[in-house]
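Protein sequences appear in the order of chains A and B.
For the first sequence, counting from 1, position 395 maps to 395 in the working numbering; every step adds exactly one.
For the second sequence, counting from 1, position 191 maps to 1191 in the working numbering; every step adds exactly one.
One or more of the hints may lead you astray.
Some chain A residues well away from chain B (every beta-carbon gap over 10 Å; in silico) [to be verified]:
| hint | residue |
| --- | --- |
| 1 | 42 |
| 2 | 172 |
| 3 | 177 |
| 4 | 280 |
| 5 | 304 |
| 6 | 337 |
| 7 | 357 |
| 8 | 375 |
| 9 | 387 |
| 10 | 473 |
EDC-like mimics (lysine to aspartate or glutamate), calculated; alpha carbons at most 20 Å apart, straight line [what the hints assert, rightly or not]:
| hint | chain 1 | residue 1 | chain 2 | residue 2 |
| --- | --- | --- | --- | --- |
| 11 | B | 1176 | A | 415 |
| 12 | B | 1007 | A | 187 |
| 13 | B | 1089 | B | 1119 |
| 14 | B | 1239 | A | 222 |
| 15 | B | 1164 | A | 412 |
One-sided and incomplete, this derived list gives chain A residues near chain B with beta-carbon spacing under 8 Å [what the hints assert, rightly or not]:
| hint | residue |
| --- | --- |
| 16 | 2 |
| 17 | 6 |
| 18 | 420 |
| 19 | 421 |
| 20 | 471 |
Keep in mind the hints are simulated off the structure, nothing from the lab.
Keep in mind it's a predicted model, so treat the numbers as computed, not measured.
Glycine included, each C-beta is placed from N, C-alpha and C at the ideal position.
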Amino acid sequence: MTFISIEFLLFFAVIVFTYYSIPHRWRWILLLAASYSFYASLNSYFVLLLLASTAFSYVTGIIIEKQETKKQKKRVMLAGICVLLFILGWFKYFNFVNDSVRAIAIYMNWNYSVPYQEIVMPIAISFYTFQAVSYLVDIYKGKLKAERHYGYFSIYFAFFPQLVAGPIERAKKLLPQFKVEQTLKYENLSYGMKRIAWGFFKKTLIADRLAPIVASVYNSPDATGSEIVLATILFSIQLYADFSALSDIAIGCARILGIKLTENFKQPHFAVSIGDFWNRWHITLSTWLRDYIFIPLSKGKKKRSEIYLVIVITFLVSGIWHGAAWTFVLWGLIHGFYRVFGDHTKHVRGKMASFTRLDQSPSLHKWVKITITFLLVCFSRVFFRSDSVAEAFENAKLFLTPHSWRPAGMIDALELFSLLDLMIFMFFFVIVQLFHYIERKNTSTWDWLSQRPAFTRYAVYVLIVVSVLIFGATGQGFVYGGF
Amino acid sequence: MKRLFIKLTIIMTVALLVFIPANNLVKHSRSYNINDDILAFKKDPHPVDIINLGASHSMYGYYFKPTGLTHLDLALPSQTIQYDFKLLKEYGKYLKPDGVVLISISQITFANAEIENVENYYEILDHSQIEPFRLTDYYRYLYFPGTQSESFTSALSSEMKKLKWDSHQPWANDGKNYAARKYDYVEDLYRAAEEENYFEQNLEHLKELLEYCQENGYQAVLTMEPVHQTYETYFDEAKMDKFVFQYLDTLETDVPFLNHMNDPRFADNKDYFIDSDHLNSDGRKKYSWIIYEELKELGYF
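Extracted from the complex, chain A is given alone in its bound form (with noise of 0.2 Å):
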């Protein structure tokens, strides 16, 4: 059952309507089944590895609360923590380790003899796991009281709306919210069905119309330059309404519930800057990051190149968190390398905006920093979508060449589309757009609607379900569902 059917949405219409029926202490039970029910039907086998990893970090939490000193708090949470990384680390990085090792083990003539293993990884550890590894922090941290009640604390690890790709949420602001006795309110209903019906707009119109155009080009093994340039762009467009589309859906599910869950994405295609995007981009792991890797590390550092170094590691976890594989890696590290380069080069590019007169017409500046951000974006996702580092180096090498960027190469390059699913495309992107416009003119695109005439909204809720039913592709699996 994924976000996309019909199973899931009868399946949540049935939850919302017992959970608003029942007692809000039996709430609990129906949501903690409920969660568990959903992730089984993605991954039965992998219940129990989430029951154990929910009762490990429960009786830690309690445990680092119990102990009476700072050190003995720090020695447990790091005991704690280490044990959630290894299990993280076996399922999703032993295979990537092991063949590494053995690569290098070829390359030095060494003699290395373990085999690989048939590991399948379970979904959405990686999501589930810092969320463990916050709590735990927080705790010891002295931000967060060890959560007591067993049921609370699992819904917290489990809960089904954003259980599979986030956002990642932190004990503070999300248990206390399962704690109250929400009532049905008819803002929550009519803003979620709204977020996520938008969800399923951005997902079927835009993200699975576009995978198999970009995957024809990226698993092509003789693709153009401009096919790779274009199936790059599309590919930075599917990625965005893909995963903010699980966000969306996500987020409408839980305020339906009447929880209330942290917006994931602020357009950011639309950052003037790198560190811009990643104040915009799946924001909640980048305050994660911020939070429990970057400032931890930073800690006592003075010096410029210090901070830059641990700045690079940052983005290092950002991109093994992603993936286990050495193309992920790389994507990692040129963010951290665009990150340092940016901040390095601050005031030079200020004095080439001044000499160039660009900062007297700061729209026109705002959009070349947009262009050139996005662009950057771009290419740093060339080694994202890539298989492997060997395809990544040619296919960044194609988009960085020039006569990729002809024009002409580039309109032949749209022949990838047949021109009515162009059309089609061309048609919902701008809608998108246009809300996204709306958006960064007005607060919320929704209130915006709110304040339209009964027929201007009508029409747009209408349209949304009609494009969503008739036009909406389905069947292709969520890009970070897969993390």
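Start from chain A and add chain B according to the hints.
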């Protein structure tokens, strides 16, 4: 809450009203009704002289009415050998004694193991034979085919045939563009098949199919339909060897193989083709006569 309920009812009603014409467009489209002949036959079965199996080359390949033979066309687009077999098991009983089964071999026969449009079989095969079969998909196909975007796009594109890039027209660049795209498709399929080892699987299905024909007294004949010469430039001898013959040659069988792929009577005449690998009405009439004559020469009928 009442307000929300009313709002939702309005939105869903209007959406449904807009959706109905779209749904009807799909229901009346060629792609939705692609199995119509088989469905008609299922409702009114009768003994037949000849059955043809295979994918689109075969589907567009045969028209035996002028020869006087009664014929059942069981070929459907991208049909796998496995589904050829399933269909023959279901409809083979209507073949007259010593009737002929034409088993079409194409470039995708050995690489293709996944049915693209499983819904084509919902009404012509027993549901236990269909994999994967999901009840929700079945009812969706029956009553709301407009919700399947591929079906809708396909229906829309057949309504707007001219809405294509010039280079995507079937005979643009003398058919070479089409043939090149088809070649890329087959190459992709072949690569995927290599990873999944579909070749052995399909060869096994073909052997089982031939054995089944023998056990039931059906006269099996392997065929390969004509293509235009532009197609041949992409699917030359070496490529056909790679995609087809290296597997076909391992079959130890005395079943006749009527290979018309490079038939000069068709190869340089666009008038017989819709595109470079599918015969049109004139082409299939001519080709069916040729097959009929050859079968007679072989002692059938």
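Hint check results:
1. 42: At about 16 Å from chain B, residue 42 of chain A clears the 10 Å cut-off, so the statement holds.
2. 172: holds, 32 Å
3. 177: At about 22 Å from chain B, residue 177 of chain A clears the 10 Å cut-off, so the statement holds.
4. 280: Holds: least Cβ distance 30 Å, greater than 10 Å.
5. 304: holds, 48 Å
6. 337: holds, 34 Å
7. 357: Holds: least Cβ distance 42 Å, greater than 10 Å.
8. 375: holds, 27 Å
9. 387: holds, 12 Å
10. 473: The claim breaks: residue 473 of chain A does not keep its Cβ more than 10 Å from every Cβ of chain B (closest is about 5 Å).
11. B:1176 / A:415: Holds. Residue 1176 of chain B to residue 415 of chain A sits at ~15 Å (cutoff 20 Å).
12. B:1007 / A:187: Holds, because 13 Å separates the two Cα atoms, which is no more than 20 Å.
13. B:1089 / B:1119: holds, 19 Å
14. B:1239 / A:222: holds, 17 Å
15. B:1164 / A:412: Holds. Residue 1164 of chain B to residue 412 of chain A sits at ~14 Å (cutoff 20 Å).
16. 2: violated, 13 Å
17. 6: holds, 6 Å
18. 420: OK, holds: residue 420 of chain A within 8 Å of chain B, min 5 Å.
19. 421: Interface hint status for residue 421 of chain A: holds (7 Å vs cutoff 8 Å).
20. 471: holds, 5 Å
Hints 10, 16 from the list above are not met by this structure, while the remaining hints are.
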